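K.L.:
Chains A and B supply the protein sequences, listed in that same order. Going by full-length UniProt numbering, the first residue of the first sequence is number 1, and it counts up by one from there. Going by full-length UniProt numbering, the first residue of the second sequence is number 1, and it counts up by one from there.
I should point out that these hints are in silico values taken from the structure, not numbers from a laboratory. No experiment lies behind these values; they were computed from the predicted model shown. Where is the CB? At the ideal position from N, CA and C, for every residue including glycine. Please note that a few of the clues may not be correct.
Chain A residues, not near chain B, derived (Cβ > 12 Å throughout) [said to hold, decoys possible]:
#1 Phe-53
#2 Leu-65
#3 Leu-100
#4 Gly-124
#5 Val-173
Cβ-to-Cβ under 7 Å is the rule here; a few derived chain B residues that face chain A [to be verified]:
#6 Phe-13
#7 Phe-53
#8 Asn-69
#9 Thr-73
#10 Ala-86
#11 Met-103
#12 Ala-261
Here are the simulated distance ranges between beta carbons [to be verified]:
#13 A:Leu-73 - B:Ala-126: 39 to 49 Å
#14 B:Gly-185 - A:Phe-92: 43 to 53 Å
#15 B:Cys-18 - A:Val-250: 26 to 36 Å
#16 A:Phe-174 - B:Asp-203: 30 to 40 Å
#17 B:Asp-129 - A:Arg-94: 38 to 48 Å
#18 A:Ile-255 - B:Glu-3: 48 to 58 Å
#19 A:Phe-52 - B:Ala-126: 53 to 63 Å
Single-letter residue listing:
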Amino acid sequence: MPMKIAKATFATLTILFLVAPLVAILPLAFTSSVILTYPIPSWSLRWFEELFFADAWRRAIINSLIIGTGTTLLATALGTAASLGLRNRLIFLRGTMRTLFLLPMVVPAVVLGVGLQVLLAGFGLTNSYLGVIIAHTVVAVPFVVVSVTGALAGIDERVELAAQSLGASPPTVFRRVTLPLALPGVLSGTVLAFATSLDEVVLTLFVAGPNQRTLARQMFSSIRENISPAIAAAAFLFIAATILIGFIVVLSRSILARRR
Amino acid sequence: MAEFIRFDRITKFYGALCVVENLDLGIKKGEFVSLLGPSGSGKTTLLMMLAGFEQPTSGSILLDGTAINAVPTHRRDMGVVFQSYALFPHMSVGDNIAFPLQMRGMGKAETGERVKRALDMVQLSALSDRRPSQLSGGQQQRVALARALVFEPRVVLMDEPLGALDKQLREQMQLDIRDLHRRLGLTIVFVTHDQSEALTMSDRVAVFNKGKIEQIGTPRQVYDEPTTRFVAEFIGETNLVEGVVETVQGREATVRLPSGAQIVSAVSGNVASGQAVYLSIRPERVDLSETRGEARNVLETEVTDSVYQGDHLRVQLQTAAHPLIAKLGRRSREFLPGTKVYAAFSAGDCRVIAP
Ligand SMILES: Nc1ncnc2c1ncn2[C@@H]1O[C@H](COP(=O)(O)OP(=O)(O)OP(=O)(O)O)[C@@H](O)[C@H]1O
Ligand SMILES: [Mg+2]
């Protein structure tokens, strides 16, 4: 019994620790004051108005959506292809290759940022949407690889062999068997890629020009320039979007699972 | 009848490991051939090469007279049933069975008709809309079977398809598959390591050992006329007794046992007088009695143990030089340990096997 209480207390404290920053910032999104501090004089939605109607913020939201979508598509395609390739037992140094794909997860973002800036400059892609999308894709691909590899590992290889013996050519096996079975993993990868792009700041600082300011980047700079509660409103938006996406994933996974 | 499938000097290496060695095997159209052997003897590997999942290191596989080494799996037109069933988990039972028909571009109406017939055949019509995960092992097995048969493949390959089922269901499925084989005239290659399954179902049994076929023949031949020690021991239970050939007359040989007794036995291979050999005596062919009797081969023995096993009585005996096991019918009387009895068997009930 004391053990149970200890466990419950510890769990509660951990959760508090994790959500405390959110609890601190979120109420400020609804303040009527012009500065980001407590106490809140009265409730208002003015900062959401600011977010959607002030030019800088609106552009940032649109940029985040453009870059997030581009990154998601590119990273999902590349990450899925890489995971499929890594399944092949004949590949030379398969373990090493897999580690290489996960490298961007552990390499400091600053190092990647410098490298990407130099590289993209060489191709004339700095200050372009494509450049930012490429940079975000570099850090998003590992998440896709991890999640798709996991899903592929769960597929019984003999199911694919059976499909072949029943007359399905390799592309058909992929379309009718492998892909549908890996879909939950691909879906999670997609969401993780989008989320990665959404809150990526460091690489964006290095490779994006003023026209590609994303929401995260805009928050980052406005917190230094003027501490306006619009940041809190943006944070609120972020969290709402994250919860929404998470909800969609959980929902679609359970639908897929039921079809199983 | 002409040969339908031919393995022509097939060898398969995995790295340095030789899994199938210089193997020749011919299978006729409509024949049910079992590949029987211990774990790791290369049965699955041979089947996988026939299905096209693996390539032989050397040698060729012919189907209806043409080499198919270069033909990819999906064009070989063979139905494969895996031990794990390998059903598509994301499709319903009906869709699983329709899959091979869709791959052949069959129209919706005919596909539906054929799926229905296949489901009827395996008695699963009521479960067409279920997912494989919602079926019992035996039901999944029958779906796998229906899926492998629905497109009327030229050959059906089965790799221990009944391994995961309990005894009762397994015996039912054995009879079902044999029945389907007869009704549809299928050519079936069936892998198993269960000897009674192989004997029950097959037209011919190929006994595998270490990548080679030790013996191939009808169930009766491999059981009654084993040509090697391995086959005699692997199929059924047997008494193996060492001895030396004294004389050979046609299909019979006289063998002297270490105890001095002389046994007249049928011969399946080539043996010469003076050769050291094994005698294989099937326990259920041994009769016990307290009088010497008229049989050609009689051994003086003493009962050491006797166990009642429901359908038979298993008696352990000791002769002057070696132990002997006899299996007697249920109606046999009891034999108490210590009793002196005569063990008798005819020449046709034992075999001389060259070591
Ligand atoms: N892909 C592979 N790579 C390396 N060795 C393999 C491979 N597949 C099988 N082997 C080896 O080949 C040998 C024969 O395997 P195989 O699967 O044909 O045996 P089997 O007769 O089907 O046995 P079981 O009754 O256990 O299924 C085994 O020693 C096995 O370890
Ligand atoms: Mg096997």
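K.L.:
Next step is simple, just say for each hint if it's right about the structure.
P.N.:
Here is what the structure says about each hint:
1. Phe-53: Holds: least Cβ distance 47 Å, greater than 12 Å.
2. Leu-65: holds, 32 Å
3. Leu-100: holds, 26 Å
4. Gly-124: holds, 45 Å
5. Val-173: The assertion about Val-173 of chain A is violated, with a minimum of 8 Å to chain B.
6. Phe-13: Check failed: Cβ of Phe-13 of chain B comes no nearer than 16 Å to chain A, outside 7 Å.
7. Phe-53: holds, 6 Å
8. Asn-69: Violated - the Cβ of Asn-69 of chain B stays beyond 7 Å from chain A, reaching only about 16 Å at its closest.
9. Thr-73: holds, 4 Å
10. Ala-86: holds, 4 Å
11. Met-103: Where the cut-off is 7 Å and the nearest Cβ of chain A is about 4 Å from Met-103 of chain B, the hint holds.
12. Ala-261: violated, 54 Å
13. A:Leu-73 - B:Ala-126: 39 to 49 Å: At 44 Å between Cβs, range holds.
14. B:Gly-185 - A:Phe-92: 43 to 53 Å: holds, 48 Å
15. B:Cys-18 - A:Val-250: 26 to 36 Å: violated, 52 Å
16. A:Phe-174 - B:Asp-203: 30 to 40 Å: 39 Å Cβ-Cβ, so the 30 to 40 Å window holds.
17. B:Asp-129 - A:Arg-94: 38 to 48 Å: holds, 40 Å
18. A:Ile-255 - B:Glu-3: 48 to 58 Å: Holds: the Cβ-Cβ distance is about 52 Å, inside 48 to 58 Å.
19. A:Phe-52 - B:Ala-126: 53 to 63 Å: Since the Cβ atoms of Phe-52 of chain A and Ala-126 of chain B sit about 57 Å apart, the hinted range of 53 to 63 Å holds.
Violation of the numbered hints given earlier is confined to hints 5, 6, 8, 12, 15; the remaining hints are satisfied by the structure.
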